[in-house]
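Here the structure of chain S is known, so what remains is to put chains W and D with the ligands in place on it, guided by the hints.
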Amino acid sequence: MKAFPAIAIASGKGGTGKTTVAIHLAALLAAQGRAVQYLDCDVEEPNGHLFLKPKMERSESVGIPVPVVDAAQCTSCGKCAEVCEFNAIAMLKKPLVFPELCHGCGACALVCPVGAIRETSRAIGVVETGRTGTIGFAQGRLNVGEPMAPPLIRAVKARRNPDAIALFDSPPGTSCPVVATVRDADLVVLVTEPTPFGLHDLALAVDTFRPMGKPMGVVVNRADDDRRVQDYCQAENLPVLAELPDDRRVAETYARGELVFDRLPEWRDRFDALWSRIEECL
Amino acid sequence: MKVVITSSNKTLADPIDMHFGRAKFFILADTETGKAVVHDNAQNLHAAQGAGIQSAETVAKLGAEVVITGSVGPKAYKALQAAGIKIALLEAVCPGTEALRRFKDKELPVLDKPNSEGHWV
Amino acid sequence: MKELVVISGKGGTGKTSLTASLAGLAPNAVLADCDVDAADLHLILAPDIRRREDFRSGHRASIRAADCIGCGRCAALCRYNAIAPAAHPSDGARVFTVEAGACEGCGVCVWNCPVNAIDFEEQVCGAWFVSDTRHGPMAHARLAPGAENSGKLVSLVREQAREIAKRENRDLVLVDGPPGTGCPVIAALTGAHGVLVVTEPTVSGAHDLLRVLALAGHLKIPAAVCINKWDIQPEQADRIEAAARAAGATPVGRVRYDKAATAAQRRGLTIIEADANSLADDIRTVWKQWMDFAKEAP
Ligand code: SF4
Ligand code: SF4
Ligand code: SF4
Ligand code: SF4
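Protein chains in written order, with the working numbering: chain S, 220 to 501; chain W, 834 to 954; chain D, 73 to 370.
Looking at chain S on its own, in the form it has when it is part of the complex (with noise of 0.2 Å):
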């Protein structure tokens, strides 16, 4: 096992108490004298910070290369356009840039023959990182309405220290943004609810991250008498890590933004446990 192991935290769907698997890790870990980094990687909707509460330290602004043409240079030729497989390039009397639909790649400016073409930065969006105790934080926010979110994940990863285990919150689903969160973990640890919605959309995740060639966990949250991701997880040889049970204590401390163990100690001992599976599956 790797010193400081990233560990991704997902889920097929939201809702499924990905973030409070999360943040528990986060504090056991710092709790038990170890180095840990938490980063938010879920852009779109960062949560981890309204219960870890971190003192911010750096606010960086973060931006993809966008084209600007000189129009002075330009002939014209349309190869910029002809280049873009986004879209982002309309070649009417002069080409005319959409900034919004640009993906950043650089294929414009290379294509150029006349070098009419340079790069300038546009925001997407934040990274932010500070501490909670001894626990580092990360996270990014997306600016409101931008599609761009994996550049701002990847700038989110860059704030990683080599010299802590990382905990990657990844967003739900199963799309582009979850792929860039969990390319370079360790282990991906699948939150979910043993109903069908959170059966199936398990069933989803695994499938995207099977092909990656990553090592799986699953833990089984708000579990009760229904066994059938249980069945499921034996038939796909998935380790189930933890099961939580279902406890309205659990969601009441959590809607009041507030750590479960701090109020409820046999809490602590199942993310400790949770903690030695995850060690095993490293």
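Hints in this document: simulated from the structure, not taken from any laboratory.
Among these hints, one or two may not hold up.
[Said to hold, decoys possible] Under the rule of at most 30 Å between Cα atoms (straight-line distance), these lysine-lysine pairs were calculated in the BS3-like manner:
| # | chain 1 | residue 1 | chain 2 | residue 2 |
| --- | --- | --- | --- | --- |
| 1 | S | LYS313 | W | LYS894 |
| 2 | D | LYS292 | W | LYS946 |
| 3 | S | LYS312 | W | LYS843 |
| 4 | S | LYS274 | W | LYS894 |
| 5 | W | LYS857 | D | LYS331 |
| 6 | S | LYS298 | W | LYS894 |
| 7 | W | LYS937 | S | LYS298 |
| 8 | W | LYS911 | D | LYS367 |
| 9 | W | LYS946 | D | LYS74 |
| 10 | W | LYS894 | W | LYS843 |
| 11 | S | LYS298 | W | LYS939 |
| 12 | W | LYS911 | S | LYS298 |
| 13 | D | LYS74 | W | LYS843 |
| 14 | D | LYS238 | W | LYS843 |
| 15 | W | LYS946 | D | LYS360 |
| 16 | W | LYS919 | S | LYS221 |
| 17 | S | LYS312 | W | LYS911 |
| 18 | W | LYS857 | D | LYS74 |
| 19 | S | LYS433 | W | LYS868 |
| 20 | W | LYS939 | S | LYS312 |
| 21 | S | LYS298 | W | LYS857 |
| 22 | S | LYS298 | W | LYS835 |
| 23 | W | LYS868 | S | LYS312 |
| 24 | W | LYS843 | D | LYS292 |
| 25 | S | LYS221 | W | LYS894 |
| 26 | S | LYS312 | W | LYS919 |
| 27 | S | LYS312 | W | LYS857 |
| 28 | W | LYS946 | S | LYS312 |
| 29 | W | LYS857 | W | LYS894 |
| 30 | D | LYS238 | W | LYS946 |
[Stated by the list, open to error] The calculated label-pair distances, taken between Cβ atoms and stated as ranges, are:
| # | chain 1 | residue 1 | chain 2 | residue 2 | range |
| --- | --- | --- | --- | --- | --- |
| 31 | W | LYS843 | D | GLU240 | 53 to 59 Å |
| 32 | W | MET834 | D | GLY142 | 55 to 61 Å |
| 33 | D | ASP191 | S | GLN449 | 40 to 46 Å |
| 34 | S | PRO484 | D | GLU307 | 49 to 55 Å |
| 35 | S | ARG468 | D | ARG151 | 44 to 50 Å |
| 36 | D | GLU231 | S | GLN449 | 38 to 44 Å |
| 37 | D | ALA148 | S | GLY297 | 22 to 28 Å |
| 38 | D | ASP191 | W | THR866 | 23 to 29 Å |
| 39 | S | GLY352 | W | GLN876 | 54 to 60 Å |
| 40 | S | GLU477 | D | HIS290 | 31 to 37 Å |
The beta carbon of each residue, even a glycine, is placed where N, CA and C say it ideally should be.
Positioned in the frame of chain S, the structure of chains W and D with the ligands alone reads:
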């Protein structure tokens, strides 16, 4: 003058398509000769993104000076502006012939700002 | 025809269960499941699929090891770090490969490889369907794992639903929208006539709600708000409704916390069908108040 009518089908007898960006067909009509040519916009319709921009590019390539349509999103508007193409606005669906007649009779207002929220539509 | 969307700033607020129930209350609606990343509505509505089409979007690079001369130009140019060196499977020579899931499909490597060793195939990113359900016709989709551009697929599903509505003369398209505030949500909301935001009385629920309302405001869509499981934290529910009002939205009812919701889901039924009395009444009230609100909204 060459005008483009956004159409739901292939002829001027068919009802117009109110949405510029994702119009199924463009009918290029010459107001002097009355000649009309249809252009299938299916390819842009299914563009991954920026359908409105691509549509504007197509219309510019067709050599239109005016587009007759119902709504234009902000990106398509910006692109049409850059191409120097005017937008004549219809408030309700009607056959292409009717749209053309009303345009010739100067009954249609010229759109001077985008009138639909863009992004994917 | 009106197009009304149900969303939730964050997932797991019971949005899909609620939408399924609303579908049962809407007499003449077409349904659209636009939560294409994690489409769940079909688990309750058991659609009978009438039409299935591939969803294609974008391209993916892949390097033919046999033709790659290992110059590394592609890896140097790729801004997404999607290309890494590897050993050729047969002779161990240095070649480059594209990492699964990392390619953005920009084409830079393809156009710049000196020996044209890179393929650039169009991707099948999922499928979309038109189906019949016991509560009316439904358009839905499945995004392939890790695929992007779900915004485009959302637009496509909405377009299909609108077409059905036009064809069958139905006056309402009811959309189950995606979570978050990113491109899929924008695609689900753009041009809609109204939105119902389902939230929970938690600090994160309140936080996400305000982000979503900002988006609805930006797109000028009349917003209604419904608090699910309101009785977990009644004071928080009051605060959220006040904050929603201040943000220009209209509260249209509260739904209680009741395990009957999960029980109904396990039986593949909507809450209304599962006959959970008081819970079903809460939902009926939300439906009625939302419809009254939507009628008055421009
Ligand atoms: S940088 Fe890439 S995405 Fe942006 S405009 Fe140029 S070619 Fe298009
Ligand atoms: S490639 Fe360069 S010269 Fe050609 S149209 Fe684009 S900016 Fe102008
Ligand atoms: S640019 Fe072409 S030849 Fe060079 S490493 Fe890449 S794929 Fe191989
Ligand atoms: S297509 Fe673009 S993103 Fe994909 S591997 Fe090539 S350069 Fe990288």
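Taking the hints in turn, this is what the structure says about them:
{"no.": "1", "hint": "S:LYS313 with W:LYS894", "in the structure": "holds (13 Å)"}
{"no.": "2", "hint": "D:LYS292 with W:LYS946", "in the structure": "holds (16 Å)"}
{"no.": "3", "hint": "S:LYS312 with W:LYS843", "in the structure": "holds (28 Å)"}
{"no.": "4", "hint": "S:LYS274 with W:LYS894", "in the structure": "violated (56 Å)"}
{"no.": "5", "hint": "W:LYS857 with D:LYS331", "in the structure": "violated (48 Å)"}
{"no.": "6", "hint": "S:LYS298 with W:LYS894", "in the structure": "holds (15 Å)"}
{"no.": "7", "hint": "W:LYS937 with S:LYS298", "in the structure": "violated (37 Å)"}
{"no.": "8", "hint": "W:LYS911 with D:LYS367", "in the structure": "violated (34 Å)"}
{"no.": "9", "hint": "W:LYS946 with D:LYS74", "in the structure": "holds (25 Å)"}
{"no.": "10", "hint": "W:LYS894 with W:LYS843", "in the structure": "holds (19 Å)"}
{"no.": "11", "hint": "S:LYS298 with W:LYS939", "in the structure": "violated (39 Å)"}
{"no.": "12", "hint": "W:LYS911 with S:LYS298", "in the structure": "holds (20 Å)"}
{"no.": "13", "hint": "D:LYS74 with W:LYS843", "in the structure": "holds (28 Å)"}
{"no.": "14", "hint": "D:LYS238 with W:LYS843", "in the structure": "holds (20 Å)"}
{"no.": "15", "hint": "W:LYS946 with D:LYS360", "in the structure": "violated (37 Å)"}
{"no.": "16", "hint": "W:LYS919 with S:LYS221", "in the structure": "violated (63 Å)"}
{"no.": "17", "hint": "S:LYS312 with W:LYS911", "in the structure": "holds (13 Å)"}
{"no.": "18", "hint": "W:LYS857 with D:LYS74", "in the structure": "holds (22 Å)"}
{"no.": "19", "hint": "S:LYS433 with W:LYS868", "in the structure": "violated (61 Å)"}
{"no.": "20", "hint": "W:LYS939 with S:LYS312", "in the structure": "holds (27 Å)"}
{"no.": "21", "hint": "S:LYS298 with W:LYS857", "in the structure": "holds (27 Å)"}
{"no.": "22", "hint": "S:LYS298 with W:LYS835", "in the structure": "holds (27 Å)"}
{"no.": "23", "hint": "W:LYS868 with S:LYS312", "in the structure": "holds (26 Å)"}
{"no.": "24", "hint": "W:LYS843 with D:LYS292", "in the structure": "violated (34 Å)"}
{"no.": "25", "hint": "S:LYS221 with W:LYS894", "in the structure": "violated (58 Å)"}
{"no.": "26", "hint": "S:LYS312 with W:LYS919", "in the structure": "holds (15 Å)"}
{"no.": "27", "hint": "S:LYS312 with W:LYS857", "in the structure": "holds (25 Å)"}
{"no.": "28", "hint": "W:LYS946 with S:LYS312", "in the structure": "holds (20 Å)"}
{"no.": "29", "hint": "W:LYS857 with W:LYS894", "in the structure": "holds (17 Å)"}
{"no.": "30", "hint": "D:LYS238 with W:LYS946", "in the structure": "holds (29 Å)"}
{"no.": "31", "hint": "W:LYS843 with D:GLU240: 53 to 59 Å", "in the structure": "violated (24 Å)"}
{"no.": "32", "hint": "W:MET834 with D:GLY142: 55 to 61 Å", "in the structure": "holds (58 Å)"}
{"no.": "33", "hint": "D:ASP191 with S:GLN449: 40 to 46 Å", "in the structure": "holds (42 Å)"}
{"no.": "34", "hint": "S:PRO484 with D:GLU307: 49 to 55 Å", "in the structure": "violated (26 Å)"}
{"no.": "35", "hint": "S:ARG468 with D:ARG151: 44 to 50 Å", "in the structure": "holds (48 Å)"}
{"no.": "36", "hint": "D:GLU231 with S:GLN449: 38 to 44 Å", "in the structure": "holds (40 Å)"}
{"no.": "37", "hint": "D:ALA148 with S:GLY297: 22 to 28 Å", "in the structure": "holds (26 Å)"}
{"no.": "38", "hint": "D:ASP191 with W:THR866: 23 to 29 Å", "in the structure": "violated (47 Å)"}
{"no.": "39", "hint": "S:GLY352 with W:GLN876: 54 to 60 Å", "in the structure": "holds (57 Å)"}
{"no.": "40", "hint": "S:GLU477 with D:HIS290: 31 to 37 Å", "in the structure": "holds (33 Å)"}
The structure is inconsistent with the numbered hints 4, 5, 7, 8, 11, 15, 16, 19, 24, 25, 31, 34, 38, although it conforms to all the rest.
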